[in-house]
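Undergrad: Letter by letter, the chains look like this.
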Amino acid sequence: MIATFGLAALWLAAALAALQLVAGFLALRLPTNPLAPVVRPVAMVQAGLVAIAFACLIALFWRTDLSVALVAANSHVAKPLLYKVAGAWGNHEGSMLLWVTIMGLSGGLVAAIERRLPEPTMLATLAAQAFVSLGFYAFLLISSNPFARLNPAPAEGNGLNPLLQDPGLAFHPPTLYVGYVGLSVAFSFAVGALLTRQVTPLFARAMRPWVLGSWIFLTLGITAGSYWAYYELGWGGWWFWDPVENASLMPWLAATALLHSVAVLAARDALRAWTVMLGVVAFAMSMVGTFLVRSGVLTSVHAFAVDPQRGSFILALLAINIGAALTIFALRAGTVSEGQRFAFVSRESALVFNNVMLTGTLGIVLLGTLYPLLAEALNAQVSVGPPYFNPATAVFVLPMLVVMGVGPLLRWRNDGLVRLRPVLILPAVVLLGVAIWLAARGVPVLSVLGIAMGTALLMIALVPIKGRRLRTVTLPLWGMVIAHFGIGVALLGAASDSAFSTEKLVAARVGQTVAVGPWLVRLDRVEPVAGPNWTALEASLSASYGGARPSKLRPQARSFWTPPQQTTESAILTRWNGQLYTVLGDEADDGRWQLRLWWKPFVTLIWLGGVLIALGGALALLGRAASEVRRREAAGKIAYRRQRQGRN
Amino acid sequence: MSTAIKPKHQRLVLVLAALAALVAAALLAAWALRNQASFFYLPAEMASKPPAADRAVRLGGMVQAGSLKTAADGVTIQFVVSDGKAQIPVSFTGITPDLFKEGSGVVADGHRRADGTFVADNLLAKHDEKYVPREMQQMTAAEARQKIEITR
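Protein sequence lines, in the order shown, are assigned to chains A and B. With the first letter of the first sequence counted as 1, position 599 gets the number 599 in this note's numbering; the numbers rise by one all the way through. Heads up: take any position in the second sequence, counting from 1, add 1000, and you land on this note's numbering.
Some clues are possibly wrong.
To give an idea of the chain A side of the interface with chain B (calculated C-beta under 10 Å), a few residues [stated by the list, open to error]: (1) V356; (2) L367; (3) Y388; (4) F389; (5) T568; (6) A588; (7) L595.
Derived by calculation from the structure, the hints in this document are not laboratory data. Model, not experiment: these values are computed from the prediction. For each residue, glycine too, the CB sits at the ideal point set by N, CA and C.
One chain only, chain A, in its complex shape (with noise of 0.2 Å):
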């Protein structure tokens, strides 16, 4: 019943995009169409069905139906019920109509609440949001049907993976995939300003909050998949370079450079055809990462479908959707007419750096991770890992920082680098002096780079709110300030754990203490522990940082019974100055245990610095949104004065 329900109200919204794409395209070509005034409407109406249409799927997640066979394939009776709600995302079918509803809600609140710009870019704004809604409703009743049934049905289910068995599963999917999405309406902003010819700086201050939004979530994403993988899979390490990993990189790089590009676009009328260009290939970046994720030619923990139709579904609507985009801007970018000038020291010239590096970097990424699929259709395997990307990303990422440093102090339009000379010396100094002191110590060139210019941007993040009285500084300067200071504070986070980090691998008899760093462990017991679905092996250790009284840490060593299989469940320690991190192995012939222990100092900044990025842009998207609504409540005073006005 609910099951058909959900797949009524999906075709039902599907119907409602088709209606959307050609109303919209109609009202551009006849300004007298009928059908203009529906556009809105619909769009709203078609957020709603598709919410229900996912309310659903959850519903019979929540209830275990088995009759449905998503559920049955991925969910199990005995399983707790928060895993079982996120079961409804943490598969194929359900994390692409979790996709489709993010598009059809932000679709609605663009037609609810936009109206800034002029109706015939809203709607042709619209009408290209509907056609990407429309590819996606189409792979998902063609080839990925949620709300599939089964008969009869079976009285278990299969169960979900261990790995995915985690309070973090709930909340890292919805996160990236509004960041993804997000991006859609970014992209559906630039082509219906490209196909209105009306690229202005009202465009930019209209697609900003979009961009700003998605890449706020993409900041936590990241975050949150970078921390999940270094406690999860039990290796020390927080990022693999992992085609997954740079699936969510690529967007983000994307959306970096968007979101100043659009603030040069915004401020200063400048950089219009690149603005939209960069609106396009975001949008690309995030449907490549979809294709990467969820086509199976990668195969991962996120790959749930190896089903060859589904990716080359995935791939036809990536060359749809980007195609027609790339064709529109190669017949209408020669139209758009050039922006403001700038000078080559000044705030646009940084931003402009900012925005070619971050392209470049993003170069980078995307070779790496397509190289070992290209290479694959010449027969040859080969496998790219950090040994590329860290020292490639590092030749255009290192330049950006120190511009990044010194733009925001820049004035538009035109300046000299002379006037900043007092506030750079010092930074300046300690960047030397921090490299120069590492570099004696023979810390790897990398790491020095990356603590000096971690400290100095620390330092330099702070000057555009220098002797400025604090109450006086606007939100959107805040939010620059904090998510500059921290890209410095994840960055130190990084150099840090790469740099200082110790390692103990070692075979313990139980009562054996093992020195890691400054902390002695010692291994005090292992013994079987059981859980709602699982049993374990849990090791007690007691660590003592310095002769300090002593904590408790119990990593496990776990196994599955539904489907069967085993993790390692790390146990970490945080002090302010670092986390110790434990991990239980095997027991060997003699009846030792094996325990990997490492000390990593600082580790903790990687995290804390991608939620100040996030927080730095939550500030600027309140301050924007914050000063348009006081701009629409001055507006609808003035049209009221006026009003009055006409009636005496």
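Since chain A is already given, all that's left is putting chain B on it; use the hints.
TA: Then chain B, alone, in the frame of chain A:
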């Protein structure tokens, strides 16, 4: 660029700068990929055409039954990876993946030492039926073909 420059020229300069950066990125990527991408070897390939020592590569095959030995430190293991045609000795220090055992498949990340031993930094084993390392999928397919040919 002085402020006297025409907008059209400024756009041209920007486009050229962006193109130059992208071309530089592509060249850098191509060069780095040639040097840093790690190729996948089967034991027979590694025996006939050994990669340069210290070059990062991957080795995949079956863990030969009876070959797995643990060193006195309790955390270093030695085993032999074979594909039925050649045997390569492998040494690994660390905690083995959960489904790593004799007679099942493994993919080892690492490099070949000058004495012919493969030093693994990381081992990948089958997680379960669904999540199998890429290379191993094809190995299992090749094995299945071999088995069919033998039984014929």
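Undergrad: Does the interface hint hold: is A:Y388 within less than 10 Å of chain B, judged Cβ to Cβ?
TA: 4 Å, holds
Undergrad: Does the interface hint hold: is A:A588 within less than 10 Å of chain B, judged Cβ to Cβ?
TA: 4 Å, holds
Undergrad: Given A:V356 as an interface hint, is its Cβ closer than 10 Å to any Cβ of chain B?
TA: Status holds, d = 4 Å.
Undergrad: With a cut-off of 10 Å on the beta carbons, see whether A:T568 makes it to chain B.
TA: Holds - the Cβ of A:T568 comes within 10 Å of chain B, reaching about 7 Å at its closest.
Undergrad: Interface hint check: A:L367, Cβ to nearest Cβ on chain B, cutoff 10 Å. Holds or violated?
TA: It holds, given that the least Cβ distance between A:L367 and chain B is near 4 Å, below 10 Å.
Undergrad: Next item in the hint list is A:L595. Is there a CB on chain B closer than 10 Å to its CB?
TA: 9 Å, holds
Undergrad: May I ask you to test the interface hint for A:F389 with respect to chain B, counting a Cβ-Cβ separation under 10 Å as satisfied?
TA: 9 Å, holds
Hint compliance for this structure: no hint is broken.
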